[in-house]
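Peer 1: Could you build all of it, start to finish, from the sequences and the hints given here?
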Amino acid sequence: MPTIYVDGQQLSVKEGENILEACLNAGIDLPYFCWHPAMGSIGSCRQCAVVQYQNEEDTNGRIVMGCMTPVTEGARFSLSADKGTEFREAVIESLMLNHPHDCPVCAEGGECHLQDMTVMVGHRDRRYKGLKNTYRNQYLGPLISHEMNRCITCYRCERYYSDYAGGTDLSAQASHDHVYFGRHEAGVLESEFSGNLVEVCPTGVFTDKPLLKHYSRKWDLQSAPSICTGCAVGCNIAPGERYGKLKRVHNRFNHEVNGYFLCDRGRFGSGYVNSPLRLDYAGLRKLDGSFQAIHQQAAVDTAAEWIKGKKVAAIGSPRASLEANYLLREWVGKENFAAGFSDREGQVVHQIAAILKTTNALCPSIKQMEAADAILILGEDVTHTAPRVALGLRQAVRNKAHQLAEQAGLPKWQDAAVRNLAQDQRSPMIIVSPLDTRLDDIASELVSLGADDIALFGSAVAQAIAGQPSDNSMANRVAELLKEAERPLIVSGSSLLNNAVVESAAAIASALKDSDRQAMLSYCVPEANSLGVALLTEESESIAGLIARASEIDVLVILENDLQRRISPSQIDQLRSAGAKLIGLDVLENELLSICDLVLPAASYAEAEGTLVSSEGRAQRYYPVFTPAAERMPSWKWLLDLPTACGHSEISKLTHFDQIVEACAASCELFRPLTKVAPDQGFRSHGLKIARKTHRYSGRTAINANLSVHEPQQPIDHESPLTFSMEGINRDQPASLTPFYWSPGWNSNQSLQKFQAEVDGPLRGGSAGQRLLEPQTETFKSTASTTNHFKMQPSQWQLVPIYRVHGSEELSAVTEEISELAGEAFIALGAVVAEKLGVGEGDGVIVSHFGDDQSLEVKILTRVAKNCIGYSAGYAQTLDFRVGSFATLAKDPQWQRRTPQLIATDGGNKRPPNDWQESLHV
Amino acid sequence: MEKVLTRNIGDDLKPTDLAAYEANGGYQGLHKAMKDLSPKDCQDIVSASNLRGRGGAGFPTGMKWSFVPVGDKCTPGHKYLVCNADEMEPGTFKDRLLMECDPHQLIEGMILAAYTIGADLSYIFIRGEYVVAIQRLRDALAECYAKGYLGKNIFGSGFDLEMHVHPSAGRYICGEETALINALEGKRANPRAKPPFPQVSGLWGRPTIVNNVETLCNIPHIIDRGAEWFKSLGRGEDSGTKMFGASGKVKNPGCWELPMGTPIREIFEDYAGGMQEGLQLKGFLPGGGSTDFLVPEHLDLAMDYNVIGKAGSRMGTGTMIILDDQTCPVGMVLNLIRFFAHESCGFCTPCREGLPWTRQVLVNIEEGRGTAEDLGTLAYQVNYIGAIGNTHCALAPGAMEPLQSALKYFRDDFDRHIRGSSCPYHSHSHSGGH
Amino acid sequence: MNDAQMIQTDRTGLLTQEEIRQIDAELAHIPYKSGAAIDALKIVQAHRGWVSDESLQAIASYLEMSAEELEGVATFYNLIYRRPVGEKVILFCDSVSCWICGCDKIKAKVSEKLGIDYGQTTADNHYTLLPVPCLGACDRAPVMMIGDDLVTHLDEEKIDQLFSDNQSGGDQ
Ligand SMILES: Cc1cc2nc3c(=O)[nH]c(=O)nc-3n(C[C@H](O)[C@H](O)[C@H](O)COP(=O)(O)O)c2cc1C
Ligand code: SF4
Ligand code: FES
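Chains as they are written, first to last, in the numbering used here: chain A, 1 to 922; chain B, 1 to 434; chain C, 1 to 172.
Keep in mind that the hints were calculated from the coordinates and are not lab data. Note that this is a predicted model, so its numbers are computed, not measured. Among these hints, one or two may not hold up.
Derived DSSO-like pairs (lysine-lysine); straight-line CA-CA distance at most 27 Å [to be verified]:
hint, chain 1, residue 1, chain 2, residue 2
1, C, Lys33, B, Lys152
2, B, Lys187, A, Lys400
3, B, Lys14, B, Lys40
4, A, Lys286, A, Lys14
5, B, Lys282, C, Lys105
6, B, Lys73, A, Lys400
Chain B regions said to be covered by chain A (calculated; three or more residues, Cβ under 8 Å) [claimed, not checked]:
hint, segment
7, 180 to 194
8, 308 to 315
9, 340 to 346
10, 365 to 371
Have a look at the derived ranges for each label pair, beta carbon to beta carbon [unchecked claim]:
hint, chain 1, residue 1, chain 2, residue 2, range
11, B, Lys35, C, Thr16, 21 to 29 Å
12, C, His47, B, Asp17, 26 to 34 Å
13, C, Pro31, A, His695, 51 to 59 Å
Using N, Cα and C, we set each Cβ at its ideal position, and we do this for glycine too.
Peer 2: Encoded structure:
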């Protein structure tokens, strides 16, 4: 630990860090713009200047950039020397020359890093008398708004978008004081991670477009610590509410999971919470099929009347909380509880759970994955099935660059230098998949195989690692690459619904572990709580099994599960005609609910508390951001009230959420840590509850004055240590309880560093969540065999699901912006097949599958395994497509090519004018 | 005086082809090195010669080369030699002459430099407007390849070298060596942070030496005739000869090879012929647009790096820009600031934003709208933008040198603009538009 | 995958054989395709006068870059023209030595003769007038380039001669 001196103060600092980091870690405010903790330094903004002295005698010193200067033993710096303060003020003044005075109408206002830094530096009076440069903005799609006039040219957007996230359609253009950040032409940003621009940009150039429709300032939002339900990765989020509407989702830092970044589904996919499709009241189906709204109590009473003394069964939900699933299972009994997976999904997810419970490989966090030095991906397009993980994998392949940098004595944070040194040398990443994936651009090897062949390939790799190379030279090569690594990572998952693929991944990881590698094994699973439900239920009755004996069941309770997505229309008919009363509990209206006899409105994740287990096996808690409107209730509450009304002896003893957590934790060894996921209701920080509202929150008493002039009482939170109020504290609490980041002088999200133990390091409040799975002892051997090969008919094609960040997930797809980006369902073909069929991009193809014909638009792929075709998974038109089954294809002669939609433009199709044609005169 | 760099350059400015070059002793250095000298020997000779870089900064060439990792210290892969032939510094016109008239001298220098540092690929990064030089260099390269001076296994020595001409797409900042490397990589030419220095991690992340045209032209002679001979050429403390020049309203503008340490007065009076009729010398930039003004009292200084440095300016490229008493110093500085503001790469804040601001203030003063406050602003800008280290590269500090010295020597002219609300030099009430 | 990603329209077909041959020659000594970005822009511009959106997309696609990545490069450099230019580009030096030697007057004269200012093209499409930083011919100031030709020691008379047969109707 070197010692440095900052304005005479002696600081013990971390070896290898830079002065800016050292200052921030010591709690000293040093302004900055271009530096970003996750992206390192480039030294462009010059804002973090400090004065460095040669030695004790040197009183003059010279200006150096804090972010570009490594700490060295005994080095002396000053932040307060006039030379430095004057320079920093001059830099802000420069940045403000062309910056518009539009804070009042700027979406960044009140959480703007530029505002914060301007105040911090003390710049106030404008001396520049010239005109400001102005730019035209581009339409960048429904998610991101573009206002180039506010740009301070810190290069963060471009560095994040291209260098960090691998996007190619945003660049720095033009030069001198006309640098422009945008696209070649107006159009939707292609990256699935574009939303982070909103947080990465220190001013209001890139802002959250959906938020702008009904805008609220940060200080007027009520926020709560929450977990994204968009997929199974479990990113930590901070959603904000006002006027009973969920306004936006911001990143909530979790050192081990999402760090600073979210995917666009996570950030923008919560629009469904405000959807008109939300259920407000319980509904009782009348004889004519229509629903009559009834009150909560009436609904509970009706259900209890149907159930008492009768045979009740239930279907759980991989997207509902652990608590709701647990209560439901306790109520109806294990034998009458289906976990809520489709049959094959259940087999695969349960197998994954079984492997992870026993394997000797590490099931890594994203942070750990980022340290991988070789990666093998089996059968997943990770960007679409576990988006945030894919962003982590993009960082992992840079470990080669970091190694080279270390050899060259370059600190990792010297971002541009490290990139220049390594050029495109990357750590090995081998992708084995049936179709193109969005990580293909950084892969060192691409192998295109169908699902069963992937499993065989995987087994061959495992055997080769174990010392028995096969005649598959590629598999042997991959084995070598993995063995050369210290921390190899195997990524697979449930996409292909193929148990052999999943097993072969485990076998590879085990083989590596046996050869003394720090092997990591990560699986992508479909939904926010898929792994949690699989761990809860171990094995369970399948939905089909329950339906098969539906006639013996009197009442079937279906928890947050649109069965249409999991069973065939004929099974739905079977269910409808079986005569059992159906009670459906869900967030949004759907087709299934229309055949239920009683429909109960569930609170969304934003209005409820619950625990989710991520694909890492990390149990994490989310809290209500606001109280549910109308007569919605969290599912766990319904599932407490219903059994209680039915006289269930155990459940009726429980009244509070914490008690359910305790009961669930007690239910099995694996779940013991659940009580430690977050503090219980009684927790206080400095004697106070944690405030969900900022202390500047405005209009609390007047916010609903248009409805009632009576001052409403603030809702009271009986279930958690948080309050629906600005009274309380947001300091020194555990990380799992931090609703938003704010610190005096730091209104922007950069205030996060005040909550971190060190820059880009763990939060002061510890890590959020509890890992349930740690490496065990089991060594997996693959059981994949060649015998279960399908007999392929000529002219038949195997269906491979293509998951999409936008469109494939059930709830987020309801969000207006996401559905716009999802577009229409499609079938994706290799060029050869397309040619055979005589179709091209945009033509129509009739897909025949189990006697059903679907006409779908054609997209052309670059990489396709033999006999495979892709289809957009999770879209209404393709819900009945079965993964891995066969279809025939024919050109649709009737197909009407959709005329390309004109792009709506916000402000014209601006490219920076070529320099010399701009006015060349001042 | 013995002509070294220009010995093949006659008054007709005809290009020297391979035959003519060899006939006049060309490629002797190369033959000698290939036969008798190891790379280490060459390195020692160049170091001993005290040759300093002619690109503007005067960095000792031998020392620069010695930072290139060799032998075990170098990971396997290419090493690069790049000739900086961007020559876009206002008022500089020496490299053009050397390339147009004696391309083989440069090529021989580059082969020797590449041999010394172990480079196997080399580039001549030349500004795109130098169409004649580009063609002549390409012709000369073709001659060299044909004769086996370039390519595989040169003279059976086992040494391989490829050489390419890369015409630039135009940008002053490309002359900055790390920006140049980015341009060679097909990227935006923003300068890179140093360290790492290009000698260790340059083009494509590999060890790279960037040298000016004139620097490299000296190499064949140094290798051929030795360090002592080279040192003896200088009249003062620096070694060798140098291309000096003068432009502006002198009688005989031009570019001449003279010994290092030649007094400025000699260049100005004997070679440039002094001022045109009716004009007086008011001041001069000794080495291009990014050096500080000197004034008549400095005429007797020797053109040596340290001497000029002590006088408060820099030798720069050694091509002087002469300011006469009828030309407006404010207009001249404005012209330069316009150039620099436009050529700023836009990477770092003080340069990107500060130069246009400075330009705006100067426009106001020049056009008669200046105030006393504006002078304070200019001084402030000089302090803010002009210090090395405040900006990411040396463009901005260079840009401030003429302004800062003009404020020192020609303060009265600024005041007259402000007091009289107009430019007192009528003939130049407007300056160029860049 | 993303829509835009899936629609892999290959636009390299828009490049001519000769352009591709020349680009390939550069690629022979460049380790990454994108490394030839500037060369390729210059090559295509040499054939077509300027770099249109279509040309830019074609080059980008040939070099396996995105249009954005190439746009960032193309718009950085002074001598890549992203708008149409006339048959000959006049690069008029307006830097310090030429300025001292009176280039402003010459520029005014050129503008008057041709009827165009910086950034403009004559009606007959013969000339586009652009300013250029110091052309490295300060001893022969003022200077300019017309196409590939350096014209030195400019004075008003010389401008009159040079553009005397100009039909573009400058002399209004
Ligand atoms: C803004 C800027 C422009 C430069 N332009 C040139 C140039 O046109 N030619 C040149 O040789 N050096 C130029 N240099 C200097 C180079 O960075 C570098 O120092 C030089 O090429 C090294 O060669 P030398 O050691 O042989 O002098 C420039 C430097 C800066 C900061
Ligand atoms: S000083 Fe100017 S030219 Fe140099 S990096 Fe900064 S902006 Fe670019
Ligand atoms: S934060 Fe250090 S220069 Fe920008």
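Peer 1: What hints, given by number in increasing order, does this structure fail?
Peer 2: 3, 4, 8, 10, 11
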